[in-house]
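Enquirer: Working from the sequences, and respecting the hints, build out all of it.
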Amino acid sequence: DEMMMMVYALRWTEFLRPSDASISYDDIPWIPVLAETRLGMDDGVEKFDILGISDHATHEEKKQAVRAASLRWHPDKFTQAFGRRLLEKDRGRVMESVKLMSQRINQLKDRLRAR
736 DEMMMMVYAL RWTEFLRPSD ASISYDDIPW IPVLAETRLG MDDGVEKFDI LGISDHATHE
796 EKKQAVRAAS LRWHPDKFTQ AFGRRLLEKD RGRVMESVKL MSQRINQLKD RLRAR
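The sequence shown begins at 736 in our numbering and counts up by one.
It is worth saying that the hints were derived from the structure and are not from the lab. Incorrect hints may have been included.
Unchecked claim - Simulated pairs of lysine to aspartate or glutamate, EDC-like, Cα-Cα distance not exceeding 20 Å:
hint : residue 1 : residue 2
1    : Lys-834   : Glu-737
2    : Lys-812   : Glu-795
3    : Lys-834   : Asp-811
4    : Lys-812   : Glu-737
5    : Lys-782   : Glu-823
6    : Lys-824   : Glu-737
7    : Lys-834   : Asp-762
8    : Lys-782   : Glu-737
9    : Lys-812   : Glu-831
10   : Lys-844   : Asp-790
11   : Lys-844   : Asp-811
12   : Lys-824   : Asp-761
13   : Lys-798   : Asp-761
14   : Lys-812   : Glu-823
Claimed, not checked - Estimated spans, in silico, between C-beta atoms of each pair:
hint : residue 1 : residue 2 : range
15   : Ser-754   : Arg-848   : 35 to 45 Å
16   : Gly-827   : Ser-789   : 33 to 43 Å
17   : Arg-746   : Ser-789   : 29 to 39 Å
18   : Thr-793   : Ala-756   : 14 to 24 Å
19   : Ala-792   : Met-738   : 12 to 22 Å
20   : Arg-826   : Thr-793   : 13 to 23 Å
21   : Ser-754   : His-791   : 15 to 25 Å
22   : Glu-737   : Lys-798   : 18 to 28 Å
23   : Thr-748   : Gln-799   : 15 to 25 Å
24   : Gly-827   : Asp-790   : 12 to 22 Å
25   : Arg-846   : Arg-819   : 17 to 27 Å
26   : His-791   : Glu-823   : 41 to 51 Å
27   : Arg-820   : His-791   : 15 to 25 Å
28   : His-794   : Glu-737   : 16 to 26 Å
A quick note: this is a predicted structure, and the numbers were derived from the prediction, not measured. Just so you know, even glycine gets a beta-carbon here, dropped at the ideal spot from N, CA and C.
Expert: As structure tokens, this is what we get:
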């Protein structure tokens with residue numbers, strides 16, 4: 736849904752503003768479709784619309800979207816950027832969700848390589 740992805744993009748813009756405030760699980764702008772367990776999959780195959788692009792987008796558009804999402808949701812990069820601000824009570828849940836997102840994005844990366 737295009738509106739959902741626009742809201743997601745705006746939430747990330749806000750989330751990336753410099754701050755020293757603590758971050759809870761609910762503060763993180765999760766990819767909307769990924770946040771709803773397993774919805775973005777069709778017969779076990781990850782769909783590119785989870786990144787806000789069509790499965791019919793060009794190979795280059797898909798590649799750019801996957802690269803941006805991979806960098807954003809890579810567990811080490813996420814920890815480096817936000818780890819010190821994560822609320823301790825939410826840290827495990829946040830990192831488990833980041834790992835899940837990264838794995839699902841990697842499925843899309845694998846689909847691109849297979850073409």
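Enquirer: Hint by hint, say whether it matches the structure.
Expert: Do the hints match the structure? See the list:
Pair hint Lys-834 plus Glu-737 does not hold up; C-alpha atoms about 25 Å apart against a cutoff of 20 Å. Between Lys-812 and Glu-795 the alpha-carbon distance is near 23 Å, which puts this suggested pair outside the 20 Å criterion. This hinted pair checks out: Lys-834 and Asp-811 have alpha carbons roughly 10 Å apart, not beyond 20 Å. Our distance criterion of 20 Å between C-alpha atoms is broken by Lys-812 and Glu-737, whose separation comes to about 27 Å.
With a CA separation close to 33 Å, the supplied pair Lys-782 and Glu-823 exceeds the 20 Å bound. With a CA separation close to 33 Å, the supplied pair Lys-824 and Glu-737 exceeds the 20 Å bound. Simply put, Lys-834 and Asp-762 have alpha-carbon atoms about 17 Å apart, close enough for the 20 Å limit, and the pair holds. The straight-line distance between the Cα atoms of Lys-782 and Glu-737 is roughly 15 Å, inside the 20 Å bound, and the hint therefore holds.
Proposed proximity of Lys-812 and Glu-831 is supported: the alpha carbons are some 14 Å apart, at most 20 Å. For a cut-off of 20 Å, the pair hint linking Lys-844 to Asp-790 stands: about 13 Å separates their Cα positions. With a CA separation close to 18 Å, the supplied pair Lys-844 and Asp-811 stays within the 20 Å bound. Annotation: proposed proximity of Lys-824 to Asp-761 holds, straight-line Cα distance about 12 Å (limit 20 Å).
With a C-alpha separation of about 29 Å, the suggested pair Lys-798 and Asp-761 falls outside the 20 Å cut-off, and the hint is violated. In summary, the hint linking Lys-812 to Glu-823 is supported, as the alpha carbons are separated by about 18 Å, within the 20 Å threshold. Range check, Ser-754 to Arg-848: Cβ separation about 37 Å, and the 35 to 45 Å hint holds. Taken as a hint, the range 33 to 43 Å holds for the pair Gly-827 and Ser-789, whose Cβ atoms sit roughly 35 Å apart.
A beta carbon spacing of about 22 Å between Arg-746 and Ser-789 contradicts the range 29 to 39 Å that was offered as a hint. In this structure the supplied range 14 to 24 Å is violated for Thr-793 paired with Ala-756, their Cβ-Cβ distance being about 39 Å. One distance hint, 12 to 22 Å for the beta-carbon pair Ala-792 and Met-738, holds here, with the actual separation near 18 Å. Range check, Arg-826 to Thr-793: Cβ separation about 38 Å, and the 13 to 23 Å hint is violated.
Separation of Ser-754 from His-791 is about 38 Å and departs from the stated range, judged on CB atoms against 15 to 25 Å. Glu-737 and Lys-798 have their C-beta atoms about 21 Å apart, which keeps the hinted 18 to 28 Å range intact. At roughly 18 Å, the beta carbons of Thr-748 and Gln-799 sit within the given window of 15 to 25 Å. Between Gly-827 and Asp-790, the C-beta spacing of about 33 Å breaks the proposed range 12 to 22 Å.
Separation of Arg-846 from Arg-819 is about 34 Å and departs from the stated range, judged on CB atoms against 17 to 27 Å. Between His-791 and Glu-823 the Cβ separation comes to about 44 Å, which falls inside the hinted range of 41 to 51 Å. Here the CB-CB span from Arg-820 to His-791 is close to 38 Å, at odds with the stated 15 to 25 Å. Taking 16 to 26 Å as the suggested C-beta distance range, the pair His-794 and Glu-737 conforms, at roughly 21 Å.
Violation of the numbered hints given earlier is confined to hints 1, 2, 4, 5, 6, 13, 17, 18, 20, 21, 24, 25 and 27; the remaining hints are satisfied by the structure.
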